[in-house]
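S.K.: In the order they appear, the protein sequences are chains A and B. Oh and the first sequence: position 223 is 223 in the numbering used here, straight run, nothing missing. Oh and the second sequence: position 79 is 79 in the numbering used here, straight run, nothing missing.
A hint or two may mislead.
[Unchecked claim] Derived CB-CB ranges, DEER-like:
1. V15(A) / A96(B): 38 to 44 Å
2. L51(A) / R29(B): 48 to 54 Å
3. P3(B) / G98(A): 20 to 26 Å
4. A34(B) / P179(A): 41 to 47 Å
[To be verified] Some chain A residues close to chain B (C-beta under 8 Å, calculated; not the full set):
5. A26
6. A84
7. R85
8. H109
9. V188
10. V198
11. L208
12. P209
Just so you know, these hints were derived from the structure itself, not from any lab. Built from N, CA and C at the ideal position, the CB exists for glycine as well.
For reference, the chains in residue letters:
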Amino acid sequence: MDMSSLWRTPDRGTVRDIALVCLADALVGASFGAIAVSGGLDPWAPIAMSLLVFAGGAQFAAVGVVLSGGGPAAAVTAGLVLNARLLPFGFAVAETLGGRRLTRLTGAHLVTDEAVAFTLRQADADRRRVVFWLCGACLFVSWNAAVAVGALAGRSLGDPGALGLDAAFPAVLLALVLPALRNRDACVPALLGAVIAVAAAPFLPAGLPVLAALAGAAGWRVAEGRRR
Amino acid sequence: MMPVWAVAVLAAGTYAFRAAGPLLRGRVRLPGGAERTLAATATVLLVALAAVSTLTEGGAFAGWARVLGVTTAGIAAVRGAPFPVVVIAAAVVTAALRLCGVD
């Protein structure tokens, strides 16, 4: 096999974009660590989650449910529902991971929204492989290092309420979800779900209102399907 | 609290979602539309979580300081502000309002 094609370097633009995404995710990671710890979790929890779960949205969701008083089961459910989207992503990069079983099992852990997006943008298979591993490894290192820094610094931050950190968490979620909301079809069920969740919040134990939103959105989708 | 088992179950489930494709490669295909449905589900969940954690605290109204802080962040995000600006705006506005006695 021609080694130069196997290790063909990705173009400079891609490398720069990957670096920028790593930097942005590091900021998210640091805020995740700080918010989790200032909310009352031990530093091991955000650090272990980041290493083992390695999915920002789900980590924020699970910790958010717990910090608002929800049970761990509701937190795990919210995180798993979010991460179900990784299933099609895994299929999308299966060819790229290719080869040996151990390689595929290792690569699977590095499947993220960002890594898949960068990988699928490459035209040829060799380049896809290099970009996947480069993006996956860089994100894994920067994300986990940043979460650890945030978690260890979080303790010395003082009163989270006075610092407005409770507002930082929903702001992170908004920033994460905004690109998806530019799609009109996604907008209506999402807003409907939000209304249901907020309306249910005074009556349901913490963590369940968010899951009620899913039921509402699913119902809307079924009704919409009949209309067509 | 976040018990060890919760982290373990979340990690194992997440890994199963990730590894299914690479392990079943070529033998199983996902039905068309599965990807869109799962992406839409993730959007609904994130928006609901953002709304609940903006407006409520322990089932009651969370107070104007947080709501206005997140609103500021939302406007900044829509106008294309970079991520750190969005998050810092939320915290700064909320903290400033509380300092002024609004809660």
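S.K.: Determine for every hint whether it applies to the structure shown.
M.R.: Hints, verified against the model:
In this structure the hint that V15(A) and A96(B) lie 38 to 44 Å apart at CB holds, the actual value being about 39 Å. At about 32 Å, the CB distance of L51(A) to R29(B) disagrees with the hint of 48 to 54 Å. A beta carbon spacing of about 38 Å between P3(B) and G98(A) contradicts the range 20 to 26 Å that was offered as a hint. Range check, A34(B) to P179(A): about 21 Å between beta-carbon atoms, so the 41 to 47 Å window is missed.
Interface hint status for A26(A): violated, as the beta-carbon distance to the closest one in chain B is roughly 10 Å, over 8 Å. Here the hint on A84(A) is kept, as its CB sits about 5 Å from the closest CB of chain B, short of 8 Å. Taking 8 Å as the C-beta cut-off, the interface hint given for R85(A) holds, the closest approach to chain B being about 4 Å. A least Cβ separation of about 6 Å between H109(A) and chain B falls short of the 8 Å threshold, and the interface hint therefore holds.
Evaluation of the V188(A) hint against chain B yields a violated restraint, the C-beta minimum of about 10 Å exceeding 8 Å. Among the interface hints, the one on V198(A) holds; its C-beta lies about 5 Å from the nearest C-beta in chain B, closer than the 8 Å criterion. Evaluation of the L208(A) hint against chain B yields a violated restraint, the C-beta minimum of about 10 Å exceeding 8 Å. With 8 Å as the threshold, the beta carbon of P209(A) comes within range of chain B, its nearest partner Cβ sitting at about 6 Å, so the hint holds.
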